[in-house]
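Those sequence lines, one after another, are chains A and B.
Going by the numbering used here, the first residue of the first sequence is number 1, and it counts up by one from there.
Going by the numbering used here, the first residue of the second sequence is number 1, and it counts up by one from there.
Just so you know, not all the hints are guaranteed correct.
Chain A stretches covered by chain B per the calculated footprint, using a threshold of three residues with CB under 8 angstroms from any CB of chain B [what the hints assert, rightly or not]:
| # | stretch |
| --- | --- |
| 1 | 212 to 220 |
| 2 | 271 to 283 |
| 3 | 392 to 404 |
Honestly, the hints are just simulated from the structure, not real lab data.
Note that CB positions come from ideal geometry on N, CA and C, so glycine has one too.
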Amino acid sequence: MTTLASTEGVVVEHDVVDTTRTVARRLGTGGVFIALGIVTIWALGTAVRAGHKTALKFDAPNTYFSVHNIDLPGRAVIIALGVIVVLLGLWQALRGFSKGTLPIATAVVGLAFMLAFLCWVSARAQGTQVDVLGLMQNSIGLAVPLILGALAGVMCERSGVINVAIEGQMLAGAWAAALFGTVLGSVLGLVSAAVAGGLMGLLLAVFAIRYLVNQVVLGVVLNVFALGLTGFFYDAFMQSNTASLNTPKVLGEIDLPVLSHLPVIGPLLFQANLVVYLAYVLIIVVDVALFRTRWGLRTRAVGEHPKAADTVGINVLAMRYRNVVIGGAIAGLGGAYFTVGSVGGFSKNITSGNGFIALAALIFGRWSPRGAVAAALLFGFAQALQVMLSITVPSIPSNFLQMLPYVATIVAVAGLVGRVRAPAADGEPYVKD
Amino acid sequence: MTDSGAVPDDVPAEASATAEVAAPADPPVVPPGSGSSPRSTVGGTILVTLLAFVTALAIGAILIAVSDQSTRDAASYFFSYPWDTFSRAGSAIGNAYKALFEGAIYNPHTAANHTAAGYLGPISETLVNATPLIAGGLSVGLAFRAGLFNIGGQGQIIMGAIFAGYVGFHWHMSAPFHVVLAILAGMLGGGLWGGLAGLLKARTGAHEVITTIMLNYIAFFTLAYLLSVRGFQAPPYGQAISNPVDGNVHLWPLLGSSMRVHAGLLLALGASAFVWWLLKYSTLGFKLRAVGANPFAARTAGMGVENSYVTVMFIAGALCGLAGVSQILGTNTQITGDIDAGIGFDAITVALLGRANAVGIVFAGLLFGALHAGGSTMQAYTPIDLVQVLQSLIVLFIAAPALIRALYRIKATTGSSGAALAKGWNG
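Extracted from the complex, chain A is given alone in its bound form (with noise of 0.2 angstroms):
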C-alpha cells in the first residue's frame, strides 16, 4: 500500500483549510464576544434583582450519590459569566487565539452566555428551578435523528456522492419501522428500517453513479418519491388498520449497568433506547474508520481524488455504491427513532425537515464526523430550549421560539462558517475515460 501514502499525503492537505485569519476577522470576532459580554452584563444581569436566587437542576434519581441542586445569587453569576466573555473577546482581538484554541473559546463563550441566560431565566421568576438535566437530555433525545441523519451525510459525501436525500431515507426508515415493528417486533423494526433506508440510499447510488443525474436535484426529487410513497401506503392501508399496522411497541429504556447510576452522566448518556446506544457506536465506529483504516483511506481518496484512487486500483464506483447504501441505512436508523425510537406509530411526513437540519448539521460539522456530532447537538439543544422557553418564558411568542433552531443554523451557516470546502469530488461524477 506504499502508492496509497501518497494519495493520503494529498487528502491531508486538502482537509486543512487554511483561511490566513487577517487582523479584521480577528477584531470582527473579538467584537462579537465582547458584544455578547455586554449584552449579558447589560440585559440579562441588570434585569435581575439583587436578592432574586438562581437554582439550577442536576439531579435524578437512582444515581449512585445526589448532587445538590445548586442555588446562586442570581445577579452575581450572570454579571461574572459576562465578565468572563468580555476578557475572552478583549484577549481575541487583542492577542487572538490561535487556530486550534478559537473553537475553544467559542465553545467556552457560547456555554457561558448559555448558562447566564438560564440563570437569567430561573432569577427573574424569583427562583425557579430551571432543570438544566431535564433540558440537557431533551437535546441529545432530539439530537439522536440527527446525529444519525448527519453520519449518513459523512458516508455518502465523504466518497464523492451528495446526499440531499437524507430525509427521505430518514422517511422510508420511520414508516418501515413503524409497519414492521408492528408485525415483526420492534428490534426487527430497526433491522427494516435499516433495509428501507438502504434501499433509499440503493435508489441514490444508482441514479447518481450510473445515470449521472445532478445529484442535488436527485436528492431532493427522492425527498418527494419518499414523502409520497410513505405518504401512500400509509393511507391506503396503515392508517385503516393501525391497530394491526401501525402500533409498533416502543422500544424500551435499556439501564447499561453501573453507568447509569452515575449522576449527571448516567441518566444523560446511559438510560437510553437502543437506538440511542447503536448511534453512540455509529459516532464511533465512523470516526475510526473513516480516519484510521484503509477503507476510510480509501473512502476519502475517492471523494478527493477519484482518478487518482482509481489510477492506483482502488474500484471508485464500488466504492460508492457500498458507502451510499450504507449511508441510507444509517438515514433509516435515524428515521426509525421518529417511531418505534419515541412515539411509536408513523403519520405522514413524521420527520418534518429533520433530514434537512442533519444536512445542516453535516455542512456546519465540515464534513468531518466530530464535527457533524457537534453540529446535530447544537441543533438538538437549539430545539430543546426552544421547548424549556415556551413553558418557562410564556410572554415570549411560541412562534419566535420555533424559528430558534432555523435561525440558530443561519447564524451558524453564514456567519461561523462561511465558505466551507467539501470533499474535492464531491457531486462529481466518475466517468472513466
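Chain A is already provided as a structure; the job is to place chain B on it using the hints.
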C-alpha cells in the same frame, strides 16, 4: 458543469462557446452510450418525456393495485382463480386513472349538464393549479440557470402572500391601483426573502440550499405568528386565518364566476415571457447564464458574480412571490397556514421537467397542474399521495434518459441530460 449537449436549445451560440472554452478541464457529464450529437433533438426529448410519463403511470398502476383492498382479497386465492386478481386490479387502476382524467381534462358526467362549467370545469381546475406552479417553476428554473438551487419557494410564496394580502386587506384605494400595488407588494415580499438568501451567499458564502430551507421555516412561523395577531387575523380571532382581501384586488375570473381560473394565469404566462426574454436577449440574462455555466470564468471576464447571486435570487423570489399573489388574490381570499400548499417544492419538479427553460416550464406546470386537479377527484379511489409519487418518478426518469432508452430499447439520439445546472457544495 454539464457539457454543451445539456445546454438547452435556446442558448445563443456564443454562450455555449463561452462555456466550452471556459471549462476545458471539467469532466464530461455525458450519459454512457449517448451519441455524438451535441444538440438534443426536439423529437427525441418529447419521446423521452412521453415515455417517462407512461412509465411513471405504469408504476403508479402497480401501486394502485397493491393498495386496493378488493385486489388484495382476490390475491389471497390467486392460484386457484388468478383471473379475479387481474380483473379487480384492472378495475381499480381503471377507476383511479379515469377519475384522474375526469378531474383534469374532461368529465362526461358534468358535461351532460350542457353548461360552460360542465364542459370546461376540469380544464379550469387544471389551469388554477398550474398557475402558481408555473410562476414557482420559473423561479426555480431561473435560479438553476444561474447555478443556484432555490429550495426556498415555500418561504418566498408565504412572504409574497403576506405582503400581497396585507396590502389587499389593510389598504383601501381605487381598484386598478390597489390590485397593481398588491401584486407588486407580493413580488417584493418574495423578492426580499429570496434576495436575503442571495445576499447571505454573496457576503458569507453560506450555501443557498441550507439558507433557503431555513428561511422556509422562518417564513412559516412568521406567518403562524401573524395569523395570531390582531389586525392581521380575521375576527373573531378564533381561527388562524387572515382578514379577507378587498374585492378590489381579486384577480378577475377568466371564464366567468362559475369557474376558478383567474387572471393570475395571465400573470404567470407574462412572467414566463419575461424570463424567456431575460435569458435569451438581455445582458443580465447572459451574465446569469455565464455565472451559472462557470463562475470562475465569469469572474475572470469581469462579471460581478456575487452581485449576480443577489440579483437572481431577488428575481427568483419575486417570481415565487407571484405564485403567492396568485394564491391569495386569485385562488383564495384569506391567508391560512398552508397558503403555500406544497407549491414551493412542487415547483422544483416543474422546473426540472421543463428543463429550466421558460417554455418548457409552462408545459410542465400545465402537466403537473393537471395531475393535481385530477388527484383531488382520484382521491375517491386511491390516496392523493400517488400524485407526488408520479411527479417524482416522471422527473426521475426524465433526469435519467439513459434509463428510459434502455427500458424501451431506443437508440441514443440525444445527449440531453436534464439541463439543470445546479452545482454541488463547492460550486
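Each hint tested on the structure:
For the stretch 212 to 220 of chain A, the stated coverage by chain B is satisfied: 8 residues place a CB nearer than 8 angstroms to a CB of that chain, which reaches the threshold of 3. For a cut-off of 8 angstroms, the count of residues in the stretch 271 to 283 of chain A with a CB near a CB of chain B stands at 0, and the three-residue condition is violated. Closer than 8 angstroms: that is the beta-carbon criterion, and the stretch 392 to 404 of chain A has 5 residues meeting it against chain B, so the requirement of 3 holds.
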